[in-house]
Amino acid sequence: MHCIVLKLYYLCRMNTENQNAQMRKGVLELCILAIIAKQDAYASDIITKLKEAKLIVVEGTLYPLLTRLKNDGLTVYRWEESKSGPPRKYHQITETGMKYLAGLTADWQDLIGSVEKIIGIN
Amino acid sequence: MKKTLTINLGGIVFHIDEDAYISLNQYLENLKKHFSQEEGYQDILNDIESRIAEILNEKRSETKQVITLEEVAEVIAIMGQPVEIDPEENPQSNNQSPDTEKGNKRFFRNPDEKIIAGVCSGIAAYFHLDPVWVRLIFIIFIAAGGSGFLLYLVLWFVIPEAQSTTDKLEMRGKKVNISSIEESMRKEISALRGQIGQMASESAATVKRAGAGSRSFFEVIGKGVVEVLAFFGRGLVILSGIILIIIGLSLLVALLAYTLGWTGGLYSDNEFTVLAFPELAKLLIGCNMPVGFLQVILLMVLGIPLLMLFYNGLRMVFRFDRIRHLGLTMFNIWVLALFFLASSALKIYNLYKFDDKKQIDIALEKPDCDTLFVSMFQDDPGMKYLDNDQYILLADWKTIISEDKELYVLPKIQIEESNDSLFSITQVAMARGKSRLEAHQHLTALRFQSATSGSTLKISPFLRLPKEECWRGQIIDVIIRVPRGKYIHFTPEFQKLKLFWYYMINSSDESTFQMTENGIEVNQGADERKAKADSVSAETIRK
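Protein sequence lines, in the order shown, are assigned to chains A and B. For what it's worth, the working numbering labels the leading residue of the first sequence as -16, then goes sequentially. For what it's worth, the working numbering labels the leading residue of the second sequence as 5, then goes sequentially.
Among the clues, some could well be false.
Stated by the list, open to error - Label-pair restraints from in silico Cβ distances:
1) A:Thr31 <-> B:Leu155: 39 to 49 Å
2) B:Gly44 <-> A:Gly96: 33 to 43 Å
3) B:Glu165 <-> A:Thr31: 54 to 64 Å
Said to hold, decoys possible - Derived DSSO-like pairs (lysine-lysine); straight-line CA-CA distance at most 27 Å:
4) B:Lys361 <-> B:Lys286
5) B:Lys409 <-> B:Lys361
6) B:Lys416 <-> B:Lys370
7) B:Lys438 <-> B:Lys388
8) B:Lys63 <-> A:Lys66
9) B:Lys416 <-> A:Lys34
10) B:Lys416 <-> B:Lys286
11) B:Lys438 <-> B:Lys362
12) B:Lys416 <-> B:Lys500
13) B:Lys370 <-> B:Lys409
14) B:Lys409 <-> B:Lys471
15) A:Lys37 <-> B:Lys63
16) B:Lys462 <-> B:Lys361
17) A:Lys72 <-> B:Lys370
18) B:Lys362 <-> A:Lys72
19) B:Lys462 <-> B:Lys370
20) B:Lys63 <-> B:Lys109
21) B:Lys37 <-> A:Lys72
22) A:Lys32 <-> A:Lys72
23) B:Lys68 <-> B:Lys6
24) B:Lys438 <-> B:Lys416
25) A:Lys37 <-> A:Lys21
26) B:Lys361 <-> B:Lys416
27) B:Lys409 <-> A:Lys66
28) A:Lys53 <-> B:Lys36
29) B:Lys286 <-> B:Lys370
30) A:Lys72 <-> A:Lys37
31) B:Lys63 <-> A:Lys32
32) A:Lys53 <-> B:Lys362
33) B:Lys286 <-> B:Lys402
34) B:Lys357 <-> B:Lys462
35) B:Lys63 <-> A:Lys34
36) B:Lys286 <-> B:Lys388
What the hints assert, rightly or not - Under 10 Å between C-beta atoms, here's a sample of chain A residues computed to sit facing chain B:
37) Gln22
38) Ile30
39) Lys32
40) Ala36
The hints are simulated quantities; they were obtained by calculation from the structure and are not laboratory data. No residue lacks a Cβ here, since even glycine has one placed at the ideal position from N, Cα and C.
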């Protein structure tokens, strides 16, 4: 997995509605990883936070991303008993995930800085 | 009142309305299809299922136990359609830009309106036609040389079957979105009600498969091979079914035509007519036995196997359930009919059991003459039928039915070599009957004239049976013995009768024959002599 921010940069130069979704998805990965890094979370927690931030429209979007993060070794999950139903899947960030998140955050800040500079000039 | 189902979704038990279940199941199927290329797609689906269960669980209360279609629709809206969830994943949905009204249109076989494999109804759905017209075109092509049949097989092989709702919408060229899926699902709900049980077991199988993890390469290959074999097997079965239908049906029609006498006679070639059964039976059996009874028996004995052939062909093609006890009933009827047929055959045999024979030597005034002239009685009623060239074959005898419904049988004329230097003629008459007396009566009722004067033999062209007489093997055999080196001359009328020995000699123009050491031969010398005599006489007249 290459730098999401570079991917975002690339996508900014295209102009379809679909690309908007792509960009959103790239940002989503960063956000999900950040949420999990703060505290182990299960799907509903993540959804609540993302919804508050108006980052997702349909909940279904989350699950493929979670699975991809897990497959890339950035997160792991464990099953935890729940009082109100069947066991829940709690996602937890790995060391690789932490490093990756750090790099990603730095990239993101760089990008925001650059973009703001350009916007400021114009 | 509505039927509900109990489902286990993400480890929680729900009571769900039937229509809501169908909708939810379809949604999950679509998701599964959408993510099936993704690594670990089963995880995604399980997570989504759990989340759906969670949302639905929150909506439940003490007073509201059953999940309805409305709630399922809400959940689907929350979770989002596959395209909304993950637009990147499906390149097909990327291509489908929002401004194409019609959406993707693809050829599918239509499993909902199929007769054989749904090829025709699939084509009809693609072009928005009534399937009847497409089928009609195929049938016309099959009738005109069978090319339609091959085309059908190829299309069957090439075009996939529409399995999911998305497929079925694409088959009709409708855009695939929530509302169109819902619309088509509503249409399907009524049709699907009967199949709910089957679908439930299918989804159970899906869960089982999910538990077993991803299928191995060999499992996929094995399944593919089985499917291909099943496909060819089915094709073969349908092909043989069609052949059985065609054979069974055409033979049945032929049998009916023959037994019931639709055509009166079957013309096997220009010269002979094979009589249809009723006419033949009337002649052969006559008034002694009801022909109708024999017709029924014959139809059963020959018709039942053909009918079963036809029925089994139909079953192979259209796969309907066997009709209970049909085979056994038919077999019993057939055995019974066979028994009656055997007893009838015995009765018929008895009608012909005894024979009688009358042999007369016809004396010639000049047995030592050089040439024997054979001619016909010009006033014989049979002379009218000399030009008839449609003979009916009755047990090898060429016969004619006259205008007065009398039976005319062609006599047999045999030419043999004489033992001495004299011509001699023997006439043998034969007839059969159920008793010696009856055989004799049949014999004496025969009408056949023969007479001699000088060196001329006159005979009737036909042996005639009186109107009321049935055919009981009456025959006339005229044996003419010709001394070696002598001649026999037939008048030209005999050529019209097409007697068998005429063919043997292989010359229908000649009418004078000589007995040689090699048997009877055309006497060309005699004809030349005659021709010379004619020209001489013509010269004489001129002079």
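(request) List, from low to high, the hint numbers that the structure doesn't satisfy. (result) 1, 3, 7, 9, 13, 17, 18, 20, 27, 29, 32, 34, 37, 39 and 40
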